[in-house]
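Protein chains in written order, with our numbering: chain A, 1 to 170; chain B, 1001 to 1107.
Any given hint could be a false lead.
To be verified - Now the in silico label distances, taken between C-beta atoms and shown as ranges:
#	chain 1	residue 1	chain 2	residue 2	range
1	A	A100	B	E1101	27 to 35 Å
2	B	A1092	A	L149	26 to 34 Å
3	A	V144	B	R1053	22 to 30 Å
4	A	D85	B	D1097	36 to 44 Å
5	B	G1103	A	A100	33 to 41 Å
Hint data in this document are derived by calculation from the structure and do not stem from the laboratory.
We put the CB at the ideal spot given by N, CA and C, even for glycine.
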Amino acid sequence: MTAQDVVFCLLGVVALGSALLVVTTRNVVHAALWLVVTFGAVAGCFLVLTAELVAWVQVLIYIGAIVVLLLFGVMLTRAPVGPTDELDSGNRLLAALVAAATAATLSVLSVQAFHGAFVRLDQPSTAAVIGSALFRAWVLPFEVISVLLLAALVGAITLARPDVGTAGSR
Amino acid sequence: MHIELAVVLAALLFSIGVYGVLARRNAVLVLMSVELMLNAVNINLVAFDVWLRDTLHSGQTFALFVVALAAAEVGVGLAIVVQVYRLRGTVAIDDLDELTEPGVHRD
């Protein structure tokens, strides 16, 4: 175990623990806040893996934008703010079984496939390196993604318009 | 660093997301679980990129694309959830059963 392994394991334990709290807590707002902890720990994992730009993008977009958007969703749907039992459906046992089977299968497979594979973390992927790859080799997919974002934006505005679905628009 | 740590972390995070999607009843919480699954995929992409020393850095670039797609997905998803709440008055996905066959009871 190297020092990087230890730090990665600690961050992974934080991420997994807070992710478990996201899917089991009885309070919607607490779920969103634990999601922030999960995303922060995963950003730390990216930093350990020397993926600097992805880590900061994770902090900016996931913690800064997506969690705020989810909190808006919680507010707009008037979800109960206090603890409530209505957040879980009746098939929790089945869901836990399926999730445990997925976890066991994927973990065993990936441990067998990548046993002993070692990565030397000596080339930090700075924003300059990734930016140069992004705007040289990947510039066309990058533009397609921006068009997709624009389409999603327009679609979200159209869906959320107050006159859609009311008697006046039919 | 051993690559299997990253892959196992991604697998476990993905399974937690699967549990959330299947067990949660509130649509916003289902969206949160989907975000967890997307994050697990990102860990895999970054780990393999660093491991294989890709000169084009496709793993990290795809991770950035997945982040952008997640933002788009959560935007449209929340718009749909808000619209469903406006029309039906609930976001409990168990209660949105208008497309079930008549006479078929859900458990």
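Hint by hint, here is what the structure shows:
1. A:A100 / B:E1101: 27 to 35 Å: 31 Å, holds
2. B:A1092 / A:L149: 26 to 34 Å: 30 Å, holds
3. A:V144 / B:R1053: 22 to 30 Å: 26 Å, holds
4. A:D85 / B:D1097: 36 to 44 Å: Taking Cβ atoms as reference, A:D85 and B:D1097 lie about 20 Å apart, which means the hint is violated.
5. B:G1103 / A:A100: 33 to 41 Å: At roughly 34 Å between Cβ atoms, A:A100 and B:G1103 fall inside 33 to 41 Å, so the hint holds.
Going down the numbered hints, you'll see the structure goes against just number 4.
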